[in-house]
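Protein chains in written order, with the UniProt record's numbering: chain A, 1 to 336; chain B, 1 to 336; chain C, 1 to 336; chain D, 1 to 336.
If you are wondering where the hints come from, they were derived from the structure by calculation, not from laboratory data. One or more of the hints may lead you astray.
Which copy? The list can't say, so a pair holds if one copy fits it or any two copies do.
[Unchecked claim] The list that follows gives simulated cross-link-like pairs (lysine to any residue, SDA-like), each with its CA atoms no further than 20 Å apart:
id : residue 1 : residue 2
1  : K274      : A262
2  : K91       : D286
3  : K201      : V160
4  : K263      : E159
5  : K43       : P158
6  : K2        : V26
7  : K201      : E147
Protein chains: 4
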Amino acid sequence: MKVRVGVIGTGAIGADHARRLSKVLVGAEVVALTDVNRENAEKVKANLGLNAEIYGDGHELIAAGDVDAVLVTSWGPTHEEYVLAAIEAGKYVFCEKPLATTAEGCRKIVDAEIAHGKRLVQVGFMRPYDAGYRLLKQAIDDGELGEPLMVHCAHRNPEVPEAYITPMAIQDTLVHELDVLRWLLDDDYVSAQVIFPRTTKYSHSKLADPQIVLLETAKGVRIDVEVFVNCKYGYDIQCSVVGEEGVANLPEPVSITTRKEAKLSQTLLTDWKKRFIDAYDVELQDFIDGIKVRELTGPTSWDGFAAAVASDACVKAQETGQVEAINMPPRPPFYG
Amino acid sequence: MKVRVGVIGTGAIGADHARRLSKVLVGAEVVALTDVNRENAEKVKANLGLNAEIYGDGHELIAAGDVDAVLVTSWGPTHEEYVLAAIEAGKYVFCEKPLATTAEGCRKIVDAEIAHGKRLVQVGFMRPYDAGYRLLKQAIDDGELGEPLMVHCAHRNPEVPEAYITPMAIQDTLVHELDVLRWLLDDDYVSAQVIFPRTTKYSHSKLADPQIVLLETAKGVRIDVEVFVNCKYGYDIQCSVVGEEGVANLPEPVSITTRKEAKLSQTLLTDWKKRFIDAYDVELQDFIDGIKVRELTGPTSWDGFAAAVASDACVKAQETGQVEAINMPPRPPFYG
Amino acid sequence: MKVRVGVIGTGAIGADHARRLSKVLVGAEVVALTDVNRENAEKVKANLGLNAEIYGDGHELIAAGDVDAVLVTSWGPTHEEYVLAAIEAGKYVFCEKPLATTAEGCRKIVDAEIAHGKRLVQVGFMRPYDAGYRLLKQAIDDGELGEPLMVHCAHRNPEVPEAYITPMAIQDTLVHELDVLRWLLDDDYVSAQVIFPRTTKYSHSKLADPQIVLLETAKGVRIDVEVFVNCKYGYDIQCSVVGEEGVANLPEPVSITTRKEAKLSQTLLTDWKKRFIDAYDVELQDFIDGIKVRELTGPTSWDGFAAAVASDACVKAQETGQVEAINMPPRPPFYG
Amino acid sequence: MKVRVGVIGTGAIGADHARRLSKVLVGAEVVALTDVNRENAEKVKANLGLNAEIYGDGHELIAAGDVDAVLVTSWGPTHEEYVLAAIEAGKYVFCEKPLATTAEGCRKIVDAEIAHGKRLVQVGFMRPYDAGYRLLKQAIDDGELGEPLMVHCAHRNPEVPEAYITPMAIQDTLVHELDVLRWLLDDDYVSAQVIFPRTTKYSHSKLADPQIVLLETAKGVRIDVEVFVNCKYGYDIQCSVVGEEGVANLPEPVSITTRKEAKLSQTLLTDWKKRFIDAYDVELQDFIDGIKVRELTGPTSWDGFAAAVASDACVKAQETGQVEAINMPPRPPFYG
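The task is simple: from the sequences and hints, build the whole structure.
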């Protein structure tokens, strides 16, 4: 009774998810692959020793009778089309971020899913599956901190390539905070402002780095997120929730503590892939498990849409230097 | 091509391993169960929805043609007999500690395995599979600390039942350090001494608690392990390796950091089951993966024998108050 | 050769400084006291066993021939008048914050001091004398962090009385950050913005608590300071400097680490007086030592003026909700 | 009303205490100096600008009419003689460790002081004046940890000169733990054992380094102290008290926390002089303050004697490899 999965797009993340489904997780098997570069799909099939069909494109794969669920890990601009096709076919679909490149595209998916009448889509936001964030959410939900009032965050990367430009600090980097903080606070954003500190000498002319994004939620919580993608020293995710009764901080990644050369130190990560590596397993297992009981519980299309709306407002705030409103329509009852 | 596993003994740990094999890990299926209490085996089968045969005893299960590998999770005194039977049948066997209740019994298993000519046995010592200990070992093996000179450890439990008496501090508790420190240091013990501090008021008349066990290795490393099983405050495993160039400590378990009521605090575990919960998954997956490539790499019969020899000497040292020699024969080339 | 000091205002802080000068520090003696409530001065004299004259008011005290230096620890609105009188008399003067209740008043003092031709005034900002901030400044000045780009701060008090209202979050609380961050960064502020998160239920109608103050410096450093004066859990001062090469955080106050009741914890302070208690000794000793060599090196009138100008802009920003410019004239060469 | 102090021995520690008394502390003045090398005393006098007499030897200095109290900071073997002379003259005397080079010598001082009828002697054990140890003692005395059962300590130096040989690990290094742990636990030692781990390659032929000293107290507390004086990485003092209800650890020295080059780190000290630098001020101020009220409260002759008795037993245990008894006579009521 394994869930038979087809993977659309077998680049780095697609290949990794295929490995995960076939070698790490339980209850799934990869039965179908496709990629714009067919050889790539062949290679993944061979490397993983999969008993899978290679399809000419995503639509063929979605249509295949033995495909129960689809992973959309292709190039971002193709996500919307494939997710819509999967919904059309009544198949479960796990879509890596972004759900669509525009808020409008996300909204179409939401509408299609509601029209279908049942949740079929899970968006690949993995942080809600991270053990640290889960402990933080539990502390909030248990009332240990009282009502949250502020959240201070930092999202730091050691460096980014030349192709990474100013709006990507929102679209590629901040988007993870946009998702996870909504979930953490069970709240929606109402405004955004972006502040540009002096730029690090390690950045380039098309990238203002670091940036500080200020968000306000419907409940009045104020969030500041430092996005600093050429911080040099490591991949570092900080999150501190300040509530009426106390403050809680996200754990540092596990490390031995070393005393050497006049330093008491812990190792920090430099590779983002390692920071949430366990969370990727958990999120995808959750998708498979959800399919089995016919009830997905992970990040929804609506969450993908919310992230897109907030992201658009933040990019606008980058450009205008002003406080920009974030206008989210009310959450449809469908998304509970 | 799944490894077909039979589980002998479906008590707490056996049932948990059966769940792990069938619901968490990949590459295995539970096809056979047995328990002194047949109803217990039936219940596990039902709870996990297993497609498994229930056998009258371990010998029948071992003999079954569709059983590729055996898990021995029955009552300790029966381990030796079932492991020997599995070797006799040429089947892979994962045996929970103790491998046998006497060093002599362990030695018989070692001899049988060598006579068989191929490693078939993995002993259920899970700490070498813990992420923290692995980081510690890597630091040692990479030479970051220089040659190890001393190891300071603590093994603390919040409390133990009345049935837990003085020698169990060695046999049930210290035995984990006896195994993991040999692996960590790649060394053997040569002597043991036990010191009895003032006993905590939370202990009872048959249990000297805490105890401090002093070990010396062949390379001259000195180890002290505080075993304190009524420490009240939590389940706490400490390990600090002091080398010529520096010192490294095992990480604390992951926790958020909270500021509340004039305290900056992290939560400590109180339940030992949670401390190495991930390690159980990794050790058993490693057993399954080893079977697939026909080469086990986890804790060996020899490791089980070494733990038994050291454990016997420590119990003797408890009784005599003297430094007791630990006489390990040289490691057979069979065990690399 | 002791510095003979007169204390104007023998309330809590004046009495404490009198004790410090006579019982803790070296090189000074308290020879004169005055207070609006003469009995209060008498009591301090008696408690400390001082051989000191009691004067009718601050002006008489300043005029006394045997008074070498003056401490102004009277009610805030009287500071300006006494500091100006001390300068007029050519006497060294240590003035508790605020130097004057208006920026204009501070500026008058600056002008009077420049006209006098020699530094006579030290303002009672103690944080630059705190060991933790000094380590932070040293790391910055040694280039360990690269150029500073951002500073994230928090200033949290467990609670405040009813009389504490919204602008006091700037004037009484933030003012310490306004001083210490200028010193830490060797920089001046150019703009301020104040953000109001949802108010804690522990505040009252006249106090918006918490607040987040955003500052920009001439060099482009961006600072955010959370001011939260009813945080319940403790008196907590946080400061994190993010530079091009790394990040450094102010130390937590010294505490033993305790493992108890499933918590690994350190004690946080709840009383602000204890947080900088050592710094008070160091700042006043520095004042005395400076007098002896006729060269004060502590916080200047100009620093007091700068704090007042920034403070005024922050209060305005509280009212307007807008980004407000902070217009500091160029630093006179007199203040190096 | 200043306490007029004479300093016998103006080497490094004597000169530093003279500076402390004249420049840092209150209530004392240095009025007399002597040194085997008179020029040395002259130099200290000149450097500190002291108005002090230089005497031909310690006995002349002790006899001087204007000397109220004596500091014995001369070569160790001369301590006993000068302390006895000071008692004979009825003068307060602060003696750096060792009080005498033999337990017998210490006992003579104890007897002389008792015969004199009033406490005159304070021994220069500074750790009970350290803020960290005080917090630890307070936690014990407040019952926060329950009854102490074990203490785990480490005393690590980066390196020692060639002249430092095996018994000095006890006499010069462990002696500080021997003093502070008696005070911390309010207990006496009854036995000692010394264990020699493999020696670090950074040691030399006359020094077994590291060593582990095991102590037992009258109340049954078991103490292990790792003494490692070529640990390379820093000067590091660890102390962990394990009680019936919880565990408390000495704080690390104050440091900023830095994130840089993939490390989250704090700076460790390498210079022992900095570790207890504040404690030196506090201990000597306490001596001066005690003289003023004619009641010394710091470490007594009896404490010096106890340290000597324990130290002798530990050196014997180094030599015999056996558990050696520590036979302390009962504490005379004179020492409360």
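Verification of the hints:
no. : hint         : verdict
1   : K274 to A262 : between (28 Å within a copy, 14 Å between copies)
2   : K91 to D286  : within (16 Å within a copy, 34 Å between copies)
3   : K201 to V160 : within (13 Å within a copy, 43 Å between copies)
4   : K263 to E159 : between (25 Å within a copy, 16 Å between copies)
5   : K43 to P158  : neither (31 Å within a copy, 53 Å between copies)
6   : K2 to V26    : both (8 Å within a copy, 12 Å between copies)
7   : K201 to E147 : between (40 Å within a copy, 9 Å between copies)
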